[in-house]
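Participant: One letter stands for each residue in the lines below.
Protein chains: 2
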Amino acid sequence: MDCLMTEIDASLAHLVSLAGDRAAETPVSALFLHRWSARAMTGEPIPEKVLFALFEAARYAPSAYNSQPWRFVYARKGEEAFDALLAALSDSNRPWARNASALIVVASKAAFTPPGQEAPVHIGSASFDTGAAWASLALQAALLGWTTRAMAGFNADKARAAVRAPEGLKLEVVIAVGRRGDADDLPPEKQALEKPNARRPLARTAFAGAFPEEV
Amino acid sequence: MDCLMTEIDASLAHLVSLAGDRAAETPVSALFLHRWSARAMTGEPIPEKVLFALFEAARYAPSAYNSQPWRFVYARKGEEAFDALLAALSDSNRPWARNASALIVVASKAAFTPPGQEAPVHIGSASFDTGAAWASLALQAALLGWTTRAMAGFNADKARAAVRAPEGLKLEVVIAVGRRGDADDLPPEKQALEKPNARRPLARTAFAGAFPEEV
Chain A
1 MDCLMTEIDA
11 SLAHLVSLAG
21 DRAAETPVSA
31 LFLHRWSARA
41 MTGEPIPEKV
51 LFALFEAARY
61 APSAYNSQPW
71 RFVYARKGEE
81 AFDALLAALS
91 DSNRPWARNA
101 SALIVVASKA
111 AFTPPGQEAP
121 VHIGSASFDT
131 GAAWASLALQ
141 AALLGWTTRA
151 MAGFNADKAR
161 AAVRAPEGLK
171 LEVVIAVGRR
181 GDADDLPPEK
191 QALEKPNARR
201 PLARTAFAGA
211 FPEEV
Chain B
1 MDCLMTEIDA
11 SLAHLVSLAG
21 DRAAETPVSA
31 LFLHRWSARA
41 MTGEPIPEKV
51 LFALFEAARY
61 APSAYNSQPW
71 RFVYARKGEE
81 AFDALLAALS
91 DSNRPWARNA
101 SALIVVASKA
111 AFTPPGQEAP
121 VHIGSASFDT
131 GAAWASLALQ
141 AALLGWTTRA
151 MAGFNADKAR
161 AAVRAPEGLK
171 LEVVIAVGRR
181 GDADDLPPEK
191 QALEKPNARR
201 PLARTAFAGA
211 FPEEV
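Residue numbers (this note's numbering), protein chains in the order written: chain A, 1 to 215; chain B, 1 to 215.
Bound-form chain A, shown alone (with noise of 0.2 Å):
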């Protein structure tokens, strides 16, 4: 086993009811409940084995025939691309966003050639199986003590030009990834929104052997 390299924190593994605001109905591994959406960011630099671990927990992810929909682009604080990428934010994240340590373009390339065949299929899940991939990156972050919050927020065209999508690749969100920073520097509409938010009860999200009529 490879010694940490950051502080990771294995008790976020153990079951907890309550973390901060929230509470579980049925103890969950802290790691879910402490992982949130902040967007208060230092702008420090991400180390490399950081922003890499991210990637390498998202790519473990499952895909239907293991397909692995999933692509990333990144771009760090102070490079060409991260204000490219910035400029394409909409007026709402662009302020907050500007903090980030990286910002990561999150596509998903449907398209997929099984090993051996030449003609490509489609995956119908390959949004879906991006959405696991990209938990998987969010966790892993948590794990790293760095926070993630994923924007759909963004003028399309000007992403894809930002980071050249080829046809073919769907741009699912934008990624802001940082140490947590400041309440205080935020712009003011967005500071009462700083803190996990809640979730709807398990009773409406969890039926046993049929879905309500209403859902």
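It is worth saying that the hints were derived from the structure and are not from the lab. It is possible that some hints are incorrect.
If you anchor each label on the Cβ, the simulated ranges turn out as follows [stated by the list, open to error]:
no., chain 1, residue 1, chain 2, residue 2, range
1, A, E167, B, R204, 15 to 21 Å
2, A, N197, B, A192, 42 to 48 Å
3, A, N155, B, K195, 41 to 47 Å
4, A, A119, B, K190, 20 to 26 Å
5, B, N155, A, E189, 46 to 52 Å
6, B, D185, A, N155, 51 to 57 Å
7, A, E189, B, G43, 51 to 57 Å
8, B, R98, A, P114, 23 to 29 Å
Computed cross-link-like contacts, DSSO-like style, restricted to lysine-lysine with a CA-CA straight-line distance of at most 30 Å [to be verified]:
no., chain 1, residue 1, chain 2, residue 2
9, B, K49, B, K195
10, A, K170, B, K49
11, B, K190, A, K109
12, B, K190, B, K158
13, B, K49, A, K195
14, A, K109, B, K170
15, A, K190, B, K109
16, A, K195, B, K109
17, B, K190, A, K49
18, A, K109, B, K49
19, A, K170, B, K170
20, B, K190, A, K158
21, B, K158, A, K109
22, B, K109, A, K170
A short, non-exhaustive set of chain B residues, derived as facing chain A with CB atoms under 7 Å [unchecked claim]:
no., residue
23, L12
24, S29
25, P47
26, K49
27, F52
28, A53
29, R59
30, P62
31, N66
32, Q68
33, F112
34, T205
35, A206
Just so it is clear, the structure is predicted and the values come from calculations on it, not from any experiment. All residues carry an ideal CB built from backbone N, CA and C; glycine is no exception.
Starting from the known structure of chain A, arrange chain B on it as the hints suggest.
Facilitator: Showing chain B alone in chain A's frame:
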């Protein structure tokens, strides 16, 4: 912190480079390398606390506008809904999935009515976000010593009827959950597949600054 209810393995949070036949290019939390989608399952009963810990992990996944588009129906082996779902699975999945402890339908709902509003909006990332919930569920299962395998191979009409899925819900996958069983009990053509599978290299998954022409 609650006491542990099952053999949770906190060491899965630590960084490793190897897990069985899987090699990480960058050290990654063991959890992500250790989770894999086994088919051989024992069919033993799944405790309610384990089942609900999975949904608990899933519901704390991130989603656009915190819309939480995921919905789940579960059926335990021996229950009527389990048999109905089993009958909806493809001929390739049915023979092994019958030994699952539970089958879970994962669905997404793209129509979301924001708090305080009357009209629903369409969440473009509903499938992507639901994939994030699925990964959280799978990783929580792995932390608790259970295995999961998602199946896209099912008859959609039969599955919808089995769980009375209302219009507006998209069925994404059916998940088999169980304790790992003996590979020798699998159909012969599945036995050689009963091990963690590999992934595309990081260099073809994560790119600096821009996508290459061929992804």
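Participant: Next step is simple, just say for each hint if it's right about the structure.
Facilitator: Hints, verified against the model:
1. A/E167 - B/R204: 15 to 21 Å: 18 Å, holds
2. A/N197 - B/A192: 42 to 48 Å: 45 Å, holds
3. A/N155 - B/K195: 41 to 47 Å: 44 Å, holds
4. A/A119 - B/K190: 20 to 26 Å: 25 Å, holds
5. B/N155 - A/E189: 46 to 52 Å: Given a distance of about 48 Å, which is inside 46 to 52 Å, the answer is holds.
6. B/D185 - A/N155: 51 to 57 Å: The hint (51 to 57 Å, Cβ to Cβ) holds, given that B/D185 and A/N155 are roughly 53 Å apart.
7. A/E189 - B/G43: 51 to 57 Å: 53 Å, holds
8. B/R98 - A/P114: 23 to 29 Å: 26 Å, holds
9. B/K49 - B/K195: 27 Å, holds
10. A/K170 - B/K49: 38 Å, violated
11. B/K190 - A/K109: Given that 30 Å is the threshold and the Cα spacing comes to 27 Å, the pair holds.
12. B/K190 - B/K158: This hinted pair holds, its Cα atoms lying about 25 Å apart.
13. B/K49 - A/K195: 28 Å, holds
14. A/K109 - B/K170: Distance of about 20 Å is within 30 Å: holds.
15. A/K190 - B/K109: Holds, at roughly 27 Å.
16. A/K195 - B/K109: 25 Å, holds
17. B/K190 - A/K49: 36 Å, violated
18. A/K109 - B/K49: 37 Å, violated
19. A/K170 - B/K170: 19 Å, holds
20. B/K190 - A/K158: 46 Å, violated
21. B/K158 - A/K109: Distance of about 28 Å is within 30 Å: holds.
22. B/K109 - A/K170: 20 Å, holds
23. L12: B/L12 check passes; min Cβ-Cβ to chain A is 6 Å, inside 7 Å.
24. S29: With Cβ-Cβ at 5 Å, under 7 Å, it holds.
25. P47: 10 Å, violated
26. K49: Holds: closest Cβ of chain A sits about 6 Å from B/K49, inside 7 Å.
27. F52: 4 Å, holds
28. A53: 5 Å, holds
29. R59: 5 Å, holds
30. P62: This hint holds: B/P62 lies near chain A, its Cβ roughly 5 Å from the closest one there, short of 7 Å.
31. N66: 5 Å, holds
32. Q68: Hint holds; B/Q68 Cβ to chain A Cβ min 5 Å, cut 7 Å.
33. F112: 11 Å, violated
34. T205: 5 Å, holds
35. A206: At 4 Å from the nearest chain A Cβ, B/A206 passes the 7 Å test, so the hint holds.
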